[in-house]
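J.: Residues per chain, in single letters:
Protein chains: 2
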Amino acid sequence: ANDGSLFQMCICACLLGREIQMPALVSLVFQIDVEVAKLLELKLRLGGDDVKHQFVLKTPKGTRDYNPKQMAIREKVFNTIVSCFKRHGAETIDTPVFELKETLTGKYGEDSKLIYDLKDQGGELLSLRYDLTVPFARFLAMNKISNIKRYHIAKVYRRDNPAMTRGRYREFYQCDFDIAGHYDPMIPDAECLRIVSEILGELDLGDFHIKVNDRRILDGMFAVCGVPDDKFRTICSTVDKLDKMCWEDVKNEMVKEKGLSEEAADMIGQYVSMQGGMDLAVRLLEDPKMSQSKQACAGLSDMKQLFSYLELFQVTDKVVFDLSLARGLDYYTGVIYEAMLGPAGATPPPPPPPQAGAPKAEESLSVGSVAGGGRYDGLVGMFDPKGRAVPCVGVSIGVERIFSILEQKAEAEKVRTTEVQVLVASAQKNLLEERLRLVTELWNAGIKAESMFKKNPKLLSQLQHCEESGIPLVAILGEQELKNGMVKLRTVATREEVRDSCVCVCVCNSLIAIKSRQC
Amino acid sequence: ANDGSLFQMCICACLLGREIQMPALVSLVFQIDVEVAKLLELKLRLGGDDVKHQFVLKTPKGTRDYNPKQMAIREKVFNTIVSCFKRHGAETIDTPVFELKETLTGKYGEDSKLIYDLKDQGGELLSLRYDLTVPFARFLAMNKISNIKRYHIAKVYRRDNPAMTRGRYREFYQCDFDIAGHYDPMIPDAECLRIVSEILGELDLGDFHIKVNDRRILDGMFAVCGVPDDKFRTICSTVDKLDKMCWEDVKNEMVKEKGLSEEAADMIGQYVSMQGGMDLAVRLLEDPKMSQSKQACAGLSDMKQLFSYLELFQVTDKVVFDLSLARGLDYYTGVIYEAMLGPAGATPPPPPPPQAGAPKAEESLSVGSVAGGGRYDGLVGMFDPKGRAVPCVGVSIGVERIFSILEQKAEAEKVRTTEVQVLVASAQKNLLEERLRLVTELWNAGIKAESMFKKNPKLLSQLQHCEESGIPLVAILGEQELKNGMVKLRTVATREEVRDSCVCVCVCNSLIAIKSRQC
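Protein chains in written order, with the numbering used here: chain A, 16 to 534; chain B, 16 to 534.
Bear in mind the hints are in silico, worked out from the structure with no lab data behind them.
Treat the hints with care, as some may be off.
Cut-off 20 Å, straight-line C-alpha distance, at most; resulting in silico cross-link-like pairs (PhoX-like, lysine-lysine) [claimed, not checked]:
(1) A:530 x A:429
(2) B:101 x A:463
(3) A:134 x B:134
(4) B:116 x A:134
(5) B:134 x A:128
(6) B:429 x A:84
(7) B:134 x A:84
(8) A:73 x B:91
(9) A:170 x B:170
(10) B:271 x B:256
(11) B:91 x A:91
(12) B:470 x A:319
(13) B:116 x A:73
(14) B:271 x A:76
(15) B:91 x B:401
Now the in silico label distances, taken between C-beta atoms and shown as ranges [what the hints assert, rightly or not]:
(16) A:303 x B:135: 20 to 26 Å
(17) A:469 x B:136: 47 to 53 Å
(18) B:332 x A:527: 30 to 36 Å
(19) A:272 x B:483: 52 to 58 Å
(20) A:332 x B:508: 22 to 28 Å
(21) A:532 x B:217: 57 to 63 Å
(22) B:483 x A:291: 40 to 46 Å
(23) A:272 x B:161: 53 to 59 Å
(24) A:136 x B:217: 36 to 42 Å
(25) A:422 x B:93: 23 to 29 Å
(26) B:444 x A:316: 41 to 47 Å
Beta carbons: idealized from backbone N, C-alpha and C, even for Gly.
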C-alpha cells in the first residue's frame with residue numbers, strides 16, 4: 016500500500032510537470048514494472064484475453080460430481096448391498112429416469128411440489144422419478160407381475176432444500192429391495208428386517224438399531240385415544256417428528272396447531288413412549304383400551320408373529336418395537352420400520368434451530384436414519400386397470416448418508432482409485448517399444464497393467480506414480496535385462512526385486528506374496 | 016346373434032303389450048340371465064367399477080424398462096467392459112443427469128434441438144445430458160484436472176426418433192473411456208483402439224473391424240481436391256454417409272445439393288475408396304497432391320506412428336485405415352475411429368428406403384457400428400476460464416446395440432436372473448420354523464439361499480421353483496432328518512442326494528462338484 020502511494024505520488028508529480036530526481040525516477044520505473052505485473056496478473060485472473068469463455072462452471076444446485084475417490088467408496092458400498100440382495104435371491108430391474116407425469120400424480124401428497132417436470136417440447140408430459148417405489152408399482156401393473164423379489168439401485172430427484180454436508184441432495188441414490196406377492200403374513204416383512212440388519216452390519220458403521228411399528232397399531236391407537244377420524248393423518252405426521260422434537264413440542268403442535276384435546280394428546284403421549292419387543296406386543300394386546308380396536312389388535316398380533324420370525328432370523332437384538340415411529344409416506348398400510356445409527360434408546364438429537372418463515376420440506380429420512388420402509392398393499396392396485404392389489408413390502412437403504420459417513424472416515428485414509436497391479440517402467444531411454452510390448456503381454460494374460468504415455472519418462476517419476484496410485488509392483492526394463500531376455504520386478508513397498516524370464520508368472524507370484532503378507 | 020334377436024323380439028313384444036306364452040317366458044328369463052352375464056363380463060373387461068383407475072400404463076416414448084433377464088445380460092456386458100477399463104488402469108467418475116443449460120449450449124451444433132430441457136420451476140435452467148463427453152470436459156475444467164484416465168458408464172438423453180427394435184432409444188447407456196493429458200503423440204490413441212478390440216473380442220459378438228482416419232487427413236484431402244474452406248464441414252458430413260449410401264448418391268449430394276464441382280467430387284471419390292494399413296499412410300505421404308497439404312502430412316505421419324504402436328499392441332489385424340470415415344461430431348481434432356461388426360471390407364448394407372419429407376435425425380452410430388471415438392483437443396478449453404486446452408482422446412462403446420444383439424441371442428436360451436445356490440424346502444407340513452432357522456444358518460455362512468414365503472408349500476411347487484429359477488441345490492427338511500439332526504441335500508439336475516449334519520459344508524462341496532462337472 017505504501018509503495019502504491021509512492022507510485023501515485025510520482026504519477027501526480029509527472030502530471031503536474033514537476034521535475035523528478037534521478038534516484039526517484041529509477042524507483043518510479045521499478046514501481047511501474049511492479050504495478051504492470053500486478054495488473055497483468057489481475058487481468059489473467061479475470062480470464063485474460065479469453066473473457067469470452069466466461070460462464071458459470073458448476074453442477075446444478077443440490078447435485079454433485081463423484082470424483083474417483085468417492086466412486087471407489089460408492090462401489091464398495093454398492094457391492095456390499097448388492098451381495099446381500101443377491102444372497103437373498105433378488106432379481107434386479109431398471110426403469111427410465113423419467114415417467115409420464117400422470118404416473119406420479121397423486122402418489123406423494125404434499126411432496127408433489129418437489130417433483131422435477133420436464134419442459135413441454137411437444138409430445139408427452141414427463142417428470143423425473145421421485146422414488147423407485149412408484150415406478151416399481153407401475154412396472155408390476157404394466158407387466159401383470161404378481162410376485163417378484165427385486166432390487167433397484169438408481170438415482171431419484173427431489174426439488175428439496177439441499178443440505179449437502181449432511182448427505183441430502185436433489186439428485187440422490189436409492190437402493191430399494193421389495194418383495195411383492197400374496198404370502199403368509201410377516202415372513203417377507205421379517206426378511207426385509209434381516210436384510211437391513213445384514214447390510215448395516217457389513218458396512219461397519221458402528222452400532223445401529225431398527226425401530227418397527229405398524230400403521231394399523233398407530234391408527235388403532237389414535238382411535239382409542241379419541242382422535243377424530245379426519246385427523247389421523249395430520250396427527251400421525253406430528254408424531255413422526257418425535258425423533259427431531261421433544262414430547263412437549265409435539266404435544267403443543269397437536270393441541271395448539273391441530274386442535275386436539277389435551278387428554279387425547281396425553282393419552283397418545285403415554286403410548287408413544289413405549290418401546291419393547293414381543294413382550295410389548297403381548298402386553299398391548301391385553302391393554303384395556305388398545306384391545307378395543309380391531310385394527311390395533313390385527314397389527315399387534317402380526318407384530319407378535321413378526322418378532323417370532325425375527326428370532327429365527329437372529330436379529331431381535333437389533334429390532335425395537337417403538338410406538339412413536341410413524342413415517343411420513345401415505346402409502347404404507349402395515350408394518351413400518353426405520354434403521355438408525357447408534358444404540359437403541361439413545362436420546363434424540365436436539366431440535367434444529369427454528370427457521371422463521373422458511374417452508375422446510377420434510378426429510379424423507381430423519382436425522383441418523385439410514386434405512387426405512389414398510390408394507391404398502393394398495394399402491395400397485397392404483398395402477399392396475401382392474402384395481403387388483405399386489406401386496407408389497409420393501410426397504411430403502413439411505414446410501415447417500417452412508418456415503419457421507421464413509422467419505423468423512425476416508426478423508427485421512429489413502430483410498431485406491433484404480434486397480435493397476437503392475438506398472439511397466441524403463442530405467443533407460445528409448446525403451447518405449449519394449450514397454451508397450453511387455454504391457455501387451457500382461458494385458459493378454461488378464462493382468463491389470465499400465466505404462467506411462469511418454470517416450471522417455473524418468474525412472475523417478477514412474478516410481479512416484481506407483482507410490483501415488485498405490486500400484487504394488489513395478490516391472491523395470493533395462494538394457495541389461497533385455498539382453499538376457501529377463502525382466503526385473505520390484506515390490507514397491509518393500510523394494511524387494513526378482514528377475515525372471517516370464518513376467519506374467521512372476522507378477523502373479525508376487526501378488527500372492529503381497530496378499531499373504533497383508534492377511 | 017340368433018339368441019340376441021329372439022331376446023330383442025321378446026322385449027319388443029313386452030313393450031308392445033302383447034301377451035307371451037309360458038314356454039316363451041321361461042326362455043326369455045333364461046335369455047335375460049345370459050345377456051346380463053355377458054354384459055357384466057364386458058363391464059369387467061372394461062375395468063369393472065374401477066374405471067376411475069384408467070390411465071395410460073406405459074413408459075415414456077423411446078424408453079423402456081429392463082426386466083430381470085435383460086438386466087442379467089446388461090450386468091454381464093458391463094462386467095466385461097468395466098474389467099477391461101480397469102485392466103487399463105482407469106478410474107471412474109459420475110456426473111449429475113442434468114447440467115446447467117448453458118453448459119450444453121453450443122457443443123452439439125444442429126443436434127442441440129434433440130436436448131431435453133427441464134421445466135423452469137424457478138431457479139436454474141437445466142437440461143438432461145446429451146452425452147458423457149461434454150460433462151467430462153466440464154468436470155476437468157471445473158476441477159482443474161489436466162490428466163486422468165477415466166471411464167464413465169451412464170444414461171444419456173436425446174429427443175430423437177426412436178428405433179427401438181434396432182437398439183435406438185431416447186434414454187440409452189453410454190460407456191465412455193477417455194484419456195486426458197499432454198502426452199507423446201498416438202500412445203493413448205493406440206491404447207483406446209486396443210481397448211475397443213479387447214472388449215469386442217471378449218463380448219463374443221463375432222468378427223469385427225475398426226476403421227480409423229484423421230480429421231486433419233480429411234481436411235487436407237478436401238483442400239487438395241479443391242473444396243472451398245467454408246464447405247469442409249458440410250462435405251465432410253456427406254462423406255460420413257458413405258456407410259449408408261453408395262458413392263453415386265454421395266457424389267450427387269455433393270455436386271447437386273452442395274454445389275461442389277464434379278472434378279472435385281471425383282477426386283474425393285478416388286481418395287475415399289482407399290483402405291489399408293501403415294502402407295497406405297506411407298503411400299499417401301508420397302502422393303503428389305496429398306503431400307502438398309501440411310495438415311494431411313501431419314495426420315498421415317501420426318497415422319504411421321499409430322500403426323507402429325498398434326503392431327506392438329497386437330491389434331493391426333482388426334484396424335483398417337479408411338479414408339471414407341468421417342464421423343459427425345464437430346469437436347474431433349485428430350484421429351477418429353469407429354468399430355463395426357462383420358469382417359473388414361464387407362459391402363455396406365443397402366441404403367434405407369427414402370422417407371419423403373421426414374426430417375431424419377442423424378444416428379450417432381451408423382448401421383453395424385458398435386463403438387466410436389476420437390481425439391478432441393479443444394473441448395476442455397471451451398470450459399476453462401483461461402481457455403487452457405487439455406488434449407483428450409476417447410472411445411464410446413455402443414452398448415445398447417450390443418444389448419439388443421445379445422438379447423436376441425438369449426431369446427431361446429434360459430438366462431438365470433438370480434444367483435440363489437440353494438432352496439430350503441420341506442417335505443412335510445409345519446416345518447416353517449425349521450426352514451427359517453436353516454436358511455438363516457446359510458445366510459450367516461454367506462451362502463445365497465431362499466425359502467418359500469408360505470407356511471406349508473407343497474414339495475412339488477418348491478422343486479418346480481428350483482427348475483424355473485435354475486437353483487442348483489435343494490435342502491429338503493423332513494421329520495426323519497430333523498430327528499437325526501441331519502439335512503438332505505439334493506442336486507436338482509442329477510437328483511443325487513446326500514445327507515449330512517453340516518449343511519454349509521455340504522452345500523459348498525456340492526457347488527464345487529457341480530462346477531467341476533460343468534468345466
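J.: To test your reading of the hints: which numbers does this structure violate?
T.: Numbers 6, 7, 8, 14, 15, 16, 20, 21, 26, in rising order.
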